[in-house]
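Here is how the chains run, residue by residue.
Number of protein chains: 2
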Amino acid sequence: MTETPNNSAVVPPAEPGADLEQLKAQVAENWDKFLRATADFDNYRKRVAREREELGRMTRESVIGALLPSLDNLERALDHSAAGTALHEGLLQVQKQFARTLGEFGLVEIIAKPGDQFDANLHEAVSQIESADQPDNAVIEQLQSAYKLGDRLLRPARVVVSKGAPPAA
Amino acid sequence: MTETPNNSAVVPPAEPGADLEQLKAQVAENWDKFLRATADFDNYRKRVAREREELGRMTRESVIGALLPSLDNLERALDHSAAGTALHEGLLQVQKQFARTLGEFGLVEIIAKPGDQFDANLHEAVSQIESADQPDNAVIEQLQSAYKLGDRLLRPARVVVSKGAPPAA
Numbered sequence: 013m014t015e016t017p018n019n020s021a022v023v024p025p026a027e028p029g030a031d032l033e034q035l036k037a038q039v040a041e042n043w044d045k046f047l048r049a050t051a052d053f054d055n056y057r058k059r060v061a062r063e064r065e066e067l068g069r070m071t072r073e074s075v076i077g078a079l080l081p082s083l084d085n086l087e088r089a090l091d092h093s094a095a096g097t098a099l100h101e102g103l104l105q106v107q108k109q110f111a112r113t114l115g116e117f118g119l120v121e122i123i124a125k126p127g128d129q130f131d132a133n134l135h136e137a138v139s140q141i142e143s144a145d146q147p148d149n150a151v152i153e154q155l156q157s158a159y160k161l162g163d164r165l166l167r168p169a170r171v172v173v174s175k176g177a178p179p180a181a
Numbered sequence: 013m014t015e016t017p018n019n020s021a022v023v024p025p026a027e028p029g030a031d032l033e034q035l036k037a038q039v040a041e042n043w044d045k046f047l048r049a050t051a052d053f054d055n056y057r058k059r060v061a062r063e064r065e066e067l068g069r070m071t072r073e074s075v076i077g078a079l080l081p082s083l084d085n086l087e088r089a090l091d092h093s094a095a096g097t098a099l100h101e102g103l104l105q106v107q108k109q110f111a112r113t114l115g116e117f118g119l120v121e122i123i124a125k126p127g128d129q130f131d132a133n134l135h136e137a138v139s140q141i142e143s144a145d146q147p148d149n150a151v152i153e154q155l156q157s158a159y160k161l162g163d164r165l166l167r168p169a170r171v172v173v174s175k176g177a178p179p180a181a
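Those protein sequence lines, which keep their order, are chains A and B.
Taking the working numbering as reference, the numbering of the first sequence is continuous, increasing by one, and the terminal residue is 181.
Taking the working numbering as reference, the numbering of the second sequence is continuous, increasing by one, and the terminal residue is 181.
Treat the hints with care, as some may be off.
Put simply, identical chains are the same to the list, so a pair is met inside one copy or across any two.
[As the list claims (entries may be wrong)] Computed cross-link-like contacts, DSSO-like style, restricted to lysine-lysine with a CA-CA straight-line distance of at most 27 Å:
1) Lys-45 with Lys-58
2) Lys-108 with Lys-160
3) Lys-125 with Lys-175
4) Lys-175 with Lys-58
5) Lys-36 with Lys-58
I should point out that these hints are in silico values taken from the structure, not numbers from a laboratory.
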């Protein structure tokens, strides 16, 4: 039994002239091949199911992540339009609709409020300033919101923090 | 050979006391099982590769399709802001950035121009009006652009067409 049959096999199922023991060995070998092939198939099927979920998530992350600067800039335009004008109201509707649509795909804004403890999992400190009324490593001001997609951080909030010793690891 | 071994098989590879002919048959049967299992696996692998591409496309279509109303409304807000103002320029930047980002994922705007022949693959006629200077079934006005994602129509253009006989099928 030196030949290894492959898938496009021209190898006959049983070799001519084989004796009882050789045939028994070949029965066992072919059976093992079958079992291994079905086990490989099962494992592949499980991996594919995980990858399928992962792929949908990654595609959403890539599209929605790429749109966050547009959302930021829309909010900036909104801040610069005079409240009460028709244009401001129109922009507000656009911004709400945009955020709501992204929210339906799992986007969640996380706002860092002044006084929040700095959290390296959510915040990126862009500068530190001394503060008389804030403890060390507190958020002084948020420059840009954090966003999560589902339970994954899409981008951290950009914050200014109060000066002090670095937070304990 | 009445038993059909399955994957969790307790069936022995070769039945005790089997004679030469029975063993040959069992060698052949196990070999066939192996071939069928690998063929199934191959087919599944090919199907998965197609589905993977399809899934990425469908996810992009669903996210980007859902954002088209935001893009429309942003363009509407832009049309309502006074040209030359800082706000108008700001909105223009937001709209360009938004459209460019979606364009990077394959979104293409298709504009129906007045005089274009009505095309059921690209246009949705929302009304028909009589026109002295347009042939039958020509686009009079576009109310909303069509968008394609890659080579697939994401939504048709909404158009007003000139009155006349229905186009030949």
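Comparing the hints with the structure gives:
no., hint, in the structure
1, Lys-45 with Lys-58, "both (20 Å within a copy, 21 Å between copies)"
2, Lys-108 with Lys-160, "both (17 Å within a copy, 25 Å between copies)"
3, Lys-125 with Lys-175, "within (17 Å within a copy, 60 Å between copies)"
4, Lys-175 with Lys-58, "neither (50 Å within a copy, 57 Å between copies)"
5, Lys-36 with Lys-58, "neither (33 Å within a copy, 35 Å between copies)"
In this structure, the earlier hints numbered 4 and 5 are contradicted, and the remaining ones agree with it.
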